[in-house]
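**Student:** Take a look at the letters that make up each chain.
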Amino acid sequence: MLDEFLEILIKTVVILAIPLGSIPLILQMERRGAAWIQKRVGPNRVGPYGLFQPLADVFKFLFKEEVVPSHVKKFFYIIAPILSLLMALLPLAGLPLCAPFFIGDQKVYPEVFRSGLGIFYVFAATALGPYGILLAGWASNNKFSMLGALRACAQMISYELAISTTIVAIFFIYGSSDLHVMVEKQNESLYGIIPAWGVFLQPVGCVLFLVGIFAESNRLPFDLAEGESELVAGYHVEYSSMKFALFYMAEYVHMIILSTLFVTIFFGGYGLLPGMGFVVENLPSSIYFLQAISLISKVAIMMWFFVWVRWSIPRFRYDQLMNLGWKTLLPIGLVNLLVTVIVIYLRSN
Amino acid sequence: MPVQYLANLSLYVPELVVVATMMGVLFLESTYRENEKNHHFVFFLTLFGLLVAAVSVVANFTVLPTEFFTHSLIHDSFGNLSKLLMIFGTMASVYLSYQSREIDQDLKSEFSAIALGVLVGGMLLSSAHNMLTLYLGVETLSVLSYALAAMRKNDEKSAEAGLKYVLYGGVTAGLMLFGISHIFGALGTIQFTEIKLALEKVDGAKLAILIPSFLLFFAGIGYKIACVPFHMWSPDVYEGSPTPVTAFFSLVPKVAGVAALVRVTFSFFTVNVLLNHTWIALLSTIAALTLTIGNVTAIGQRSVKRMLAFSSISHVGMIILGVLVTSDEGLRSVMFYLISYLFMTIVAFYIVALVSEQYGNDYFERFNGLASRYPLMAILLTMVMFSLSGVPPLSGFVAKFNIFAVVIEKRYYVLALFAALNSVVSLYYYLKIVRLMIFKEAESSEEIRGFGFVNQALISICSVPVVLLGIYWERVLMWAQGAKLFVP
Amino acid sequence: MLDTNLTDVSLCLFAAVFAVVVVFNKNPVVAAFSLLLMFIGFGGIYFRLGSVFLTTIQILVYAGAIAILFVFVLMLMNLEETKTFIPTKNFSLFAGIVAILAMFGILTIIIFNNTDYLATDKLPEVSMNTLFTKLFETYLVPFELSTLLLLGATVAVVFISKKRIPQ
Numbered sequence: 001m002l003d004e005f006l007e008i009l010i011k012t013v014v015i016l017a018i019p020l021g022s023i024p025l026i027l028q029m030e031r032r033g034a035a036w037i038q039k040r041v042g043p044n045r046v047g048p049y050g051l052f053q054p055l056a057d058v059f060k061f062l063f064k065e066e067v068v069p070s071h072v073k074k075f076f077y078i079i080a081p082i083l084s085l086l087m088a089l090l091p092l093a094g095l096p097l098c099a100p101f102f103i104g105d106q107k108v109y110p111e112v113f114r115s116g117l118g119i120f121y122v123f124a125a126t127a128l129g130p131y132g133i134l135l136a137g138w139a140s141n142n143k144f145s146m147l148g149a150l151r152a153c154a155q156m157i158s159y160e161l162a163i164s165t166t167i168v169a170i171f172f173i174y175g176s177s178d179l180h181v182m183v184e185k186q187n188e189s190l191y192g193i194i195p196a197w198g199v200f201l202q203p204v205g206c207v208l209f210l211v212g213i214f215a216e217s218n219r220l221p222f223d224l225a226e227g228e229s230e231l232v233a234g235y236h237v238e239y240s241s242m243k244f245a246l247f248y249m250a251e252y253v254h255m256i257i258l259s260t261l262f263v264t265i266f267f268g269g270y271g272l273l274p275g276m277g278f279v280v281e282n283l284p285s286s287i288y289f290l291q292a293i294s295l296i297s298k299v300a301i302m303m304w305f306f307v308w309v310r311w312s313i314p315r316f317r318y319d320q321l322m323n324l325g326w327k328t329l330l331p332i333g334l335v336n337l338l339v340t341v342i343v344i345y346l347r348s349n
Numbered sequence: 001m002p003v004q005y006l007a008n009l010s011l012y013v014p015e016l017v018v019v020a021t022m023m024g025v026l027f028l029e030s031t032y033r034e035n036e037k038n039h040h041f042v043f044f045l046t047l048f049g050l051l052v053a054a055v056s057v058v059a060n061f062t063v064l065p066t067e068f069f070t071h072s073l074i075h076d077s078f079g080n081l082s083k084l085l086m087i088f089g090t091m092a093s094v095y096l097s098y099q100s101r102e103i104d105q106d107l108k109s110e111f112s113a114i115a116l117g118v119l120v121g122g123m124l125l126s127s128a129h130n131m132l133t134l135y136l137g138v139e140t141l142s143v144l145s146y147a148l149a150a151m152r153k154n155d156e157k158s159a160e161a162g163l164k165y166v167l168y169g170g171v172t173a174g175l176m177l178f179g180i181s182h183i184f185g186a187l188g189t190i191q192f193t194e195i196k197l198a199l200e201k202v203d204g205a206k207l208a209i210l211i212p213s214f215l216l217f218f219a220g221i222g223y224k225i226a227c228v229p230f231h232m233w234s235p236d237v238y239e240g241s242p243t244p245v246t247a248f249f250s251l252v253p254k255v256a257g258v259a260a261l262v263r264v265t266f267s268f269f270t271v272n273v274l275l276n277h278t279w280i281a282l283l284s285t286i287a288a289l290t291l292t293i294g295n296v297t298a299i300g301q302r303s304v305k306r307m308l309a310f311s312s313i314s315h316v317g318m319i320i321l322g323v324l325v326t327s328d329e330g331l332r333s334v335m336f337y338l339i340s341y342l343f344m345t346i347v348a349f350y351i352v353a354l355v356s357e358q359y360g361n362d363y364f365e366r367f368n369g370l371a372s373r374y375p376l377m378a379i380l381l382t383m384v385m386f387s388l389s390g391v392p393p394l395s396g397f398v399a400k401f402n403i404f405a406v407v408i409e410k411r412y413y414v415l416a417l418f419a420a421l422n423s424v425v426s427l428y429y430y431l432k433i434v435r436l437m438i439f440k441e442a443e444s445s446e447e448i449r450g451f452g453f454v455n456q457a458l459i460s461i462c463s464v465p466v467v468l469l470g471i472y473w474e475r476v477l478m479w480a481q482g483a484k485l486f487v488p
Numbered sequence: 001m002l003d004t005n006l007t008d009v010s011l012c013l014f015a016a017v018f019a020v021v022v023v024f025n026k027n028p029v030v031a032a033f034s035l036l037l038m039f040i041g042f043g044g045i046y047f048r049l050g051s052v053f054l055t056t057i058q059i060l061v062y063a064g065a066i067a068i069l070f071v072f073v074l075m076l077m078n079l080e081e082t083k084t085f086i087p088t089k090n091f092s093l094f095a096g097i098v099a100i101l102a103m104f105g106i107l108t109i110i111i112f113n114n115t116d117y118l119a120t121d122k123l124p125e126v127s128m129n130t131l132f133t134k135l136f137e138t139y140l141v142p143f144e145l146s147t148l149l150l151l152g153a154t155v156a157v158v159f160i161s162k163k164r165i166p167q
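Protein chains in written order, with this note's numbering: chain A, 1 to 349; chain B, 1 to 488; chain C, 1 to 167.
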């Protein structure tokens with residue numbers, strides 16, 4: 001009983017610390033990356049190459065005055081950012097950092113919530129994401145916030161569909177919803193040279209999933225919920241200092257989770273990057289650490305991709321966005337599913 | 001398992017044909033341009049599909065009764081006869097919808113598509129062998145009917161009808177599901193065969209759960225056939241919907257609901273004596289109340305459609321009388337009643353629809369003097385009214401006579417008395433319209449657009465069975481007897 | 001007779017409290033959010049009964065799709081606060097209390113007389129495999145026919161809510 005509790009406690013601490021701790025780094029990468037794309041310098045004052053800038057940001061958020069406007073619905077106004085961050089952190093419990101390993105004779109799974117469900121759980125917890133936004137928009141008692149919140153929510157639930165059709169096709173390919181099984185299957189090689197990554201087995205699904213995660217996390221080109229030129233700042237216009245920081249963190253955590261999911265399904269997850277096999281042969285017990293490093297580096301590359309796309313592509317208009325989600329992505333996803341099923345059926349005969 | 005499904009597919013052809021027609025209607029409708037006026041092809045496709053479905057139902061009559069698709073559906077001649085009646089009812093309502101001006105031009109093909117969906121639900125309901133299939137049939141029937149009731153876009157009565165139907169139907173479907181889940185919890189299975197086996201050995205403690213659950217379960221079926229106390233939606237929905245939709249509602253869901261009620265009664269309530277008595281007591285009370293309330297409330301109605309709605313409630317009361325005797329003769333009389341009810345209702349609703357769309361409303365006064373302007377239609381309506389109230393030598397009389405015969409044979413004298421008194425009372429409101437047609441002066445002399453040659457011919461053809469069944473009823477009764485129920 | 005467990009009791013109370021809030025609260029949006037919390041409470045109850053799969057499906061479908069639609073539509077409609085449904089006239093109050101007590105009495109009698117087969121430790125082991133085998137083999141036909149219902153409902157929704165082109 002006690003060691004079960006201890007085990008879960010340690011896993012929770014680790015799985016919470018890694019994303020939350022890397023948020024300042026991602027923030028810095030975003031700002032310097034944006035500056036680099038836009039051919040300017042970016043923050044470089046607060047430490048070598050501006051590396052302590054996020055620390056300065058954190059201090060700013062902490063010490064700013066906490067303003068609670070008089071026209072908001074107080075209870076819900078205060079709960080909304082907490083709820084948003086909570087719903088954003090829930091899916092972390094299902095994401096594995098490395099393969100299951102043995103301590104003594106006991107098999108330990110590197111995910112906090114181990115069930116046979118894997119990706120199902122992560123997806124279910126992500127489906128709860130829109131609630132924080134809805135509550136924030138409604139509690140702000142402000143028509144623009146309301147509109148922004150409703151639009152964001154509609155966008156998130158529409159693109160959940162496109163993602164779901166892809167996930168169903170993934171079930172067919174890997175035969176299981178467990179993320180460990182998916183990574184094991186991707187470690188085999190396809191035609192001898194390239195690894196059997198999901199992106200090669202399901203290219204259309206990969207593209208759909210990618211578009212879907214951009215829309216789910218409200219990032220450009222789908223960020224009209226916080227579109228600066230249209231809706232001021234959307235659903236968090238009435239929020240300041242730490243409450244706003246919570247929303248910001250929630251968005252980044254959401255991005256991290258979806259990128260991890262994407263990388264695990266399509267790019268081999270915690271499978272080792274090329275070149276690490278050499279290290280593993282020498283130190284066989286370092287494999288788990290190297291797997292975690294592989295996963296984290298792949299996710300970091302995905303994060304850079306998010307920043308890159310943000311500053312390269314203009315924003316979608318709302319009706320274009322909804323048309324894309326329902327009339328383009330959903331049919332493509334269904335056709336993809338159909339083709340996948342037919343191919344699997346023909347190959348199994 | 002797939003091989004087994006494919007082998008059984010031949011029994012399922014009618015439903016598949018109707019589903020294919022529905023998809024075909026939707027596809028074909030999408031090929032029409034924005035402002036194209038007539039959608040004849042959709043109409044012909046619907047009728048053709050229904051005809052093919054009817055032919056395949058008739059072709060299935062010779063197949064031995066069996067349960068198929070892993071015990072979820074059952075195929076027997078009773079189910080096939082119900083399906084045939086429903087298909088015929090759908091054909092009549094679809095034709096009426098294309099003739100009537102009450103449904104907008106651009107919504108006519110949606111009517112066909114949704115009516116076909118309701119038909120599939122009805123066919124599922126009449127051949128259900130599984131609580132899940134039964135519930136699915138009820139839901140398909142109901143949900144698609146809600147939309148049909150609200151078809152007239154800018155009419156507040158139509159919207160009110162749709163809303164009342166939705167609210168009422170939603171709650172009742174929830175109650176029915178509650179009852180079904182308790183039955184499942186008590187007996188551990190949803191297949192009718194296994195429920196029957198479990199009911200044989202049930203003891204007092206489980207009966208404490210089962211009797212209320214079956215009551216709730218009956219709520220769902222009773223609501224569909226509009227018997228008391230689940231009839232309150234019926235007059236408002238019937239009056240507010242466009243008349244082709246009302247005609248459809250008084251045909252297809254009633255046949256489907258009665259078929260489901262018959263199956264449930266014969267499957268579950270012939271094994272355990274206590275349950276038997278409870279159910280028959282329930283049905284007798286409901287039948288008596290339905291007959292009385294339906295008739296008494298129909299007397300004071302101003303609108304013909306509402307009157308017909310209430311009168312159909314009382315007809316359902318008679319049908320329930322036939323169901324509760326739980327014997328083969330009872331079943332035979334119920335089937336005969338449904339056949340004759342079908343034709344009478346079609347003729348009545350056609351004439352009422354075509355007259356009321358001309359004048360904008362369907363009050364009794366609109367029928368003044370119809371006999372002098374359109375004598376054939378007046379004669380047919382008179383005949384149908386006499387038949388509905390049960391005057392010999394028309395088919396309505398024979399149908400009621402059969403029901404009386406089985407009820408008296410089982411010595412339910414009080415019920416027979418109720419039924420007889422109510423038949424007499426019904427004469428009043430049925431003949432009210434006859435009196436107005438023949439003895440009053442016409443209000444206006446404009447031509448009724450709907451009574452063209454083709455429509456009059458069709459109405460006459462539909463009214464031939466009303467007379468024929470009244471005279472040559474032995475043959476048809478023997479044929480209805482062939483519609484046996486298969487209770488494995 | 002009944003072995004109660006603190007987690008079970010608190011989960012049931014959680015769901016029950018929020019269900020009561022849904023019915024009696026004056027503000028529609030608060031009621032919708034309470035509905036969400038009630039669904040999550042039900043998910044917890046399914047978890048305690050041993051089925052993680054059902055919990056996930058409950059969260060995914062009910063809390064993640066159905067409740068969102070409720071909240072969404074209610075926020076869009078921007079309704080005023082409704083009157084609460086607690087009856088104030090004496091007779092309605094009395095009748096309501098009698099009805100509630102009667103229902104609870106019946107349920108209690110039923111449950112206590114039938115604990116032998118209502119006990120949940122006799123539930124079979126349900127994994128995704130068995131569930132989907134049943135869904136796609138035994139109950140395939142109702143499953144496929146529900147798509148027909150969905151199709152018809154979609155068509156119905158479209159034609160009810162589309163704008164009329166004036167003729």
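No wet-lab data here; the hints were simulated from the structure.
Hints are supplied without guarantee of correctness; some may be wrong.
To be verified - Cut-off 25 Å, straight-line C-alpha distance, at most; resulting in silico cross-link-like pairs (DSS-like, lysine-lysine):
1) K164(B) / K83(C)
2) K143(A) / K26(C)
3) K163(C) / K164(B)
4) K164(B) / K134(C)
5) K162(C) / K157(B)
6) K327(A) / K83(C)
7) K153(B) / K163(C)
In this text, all values refer to a predicted model and were calculated from it rather than measured experimentally.
**Student:** Okay, which hints does this one fail, numbers in order?
**Tutor:** 4, 6
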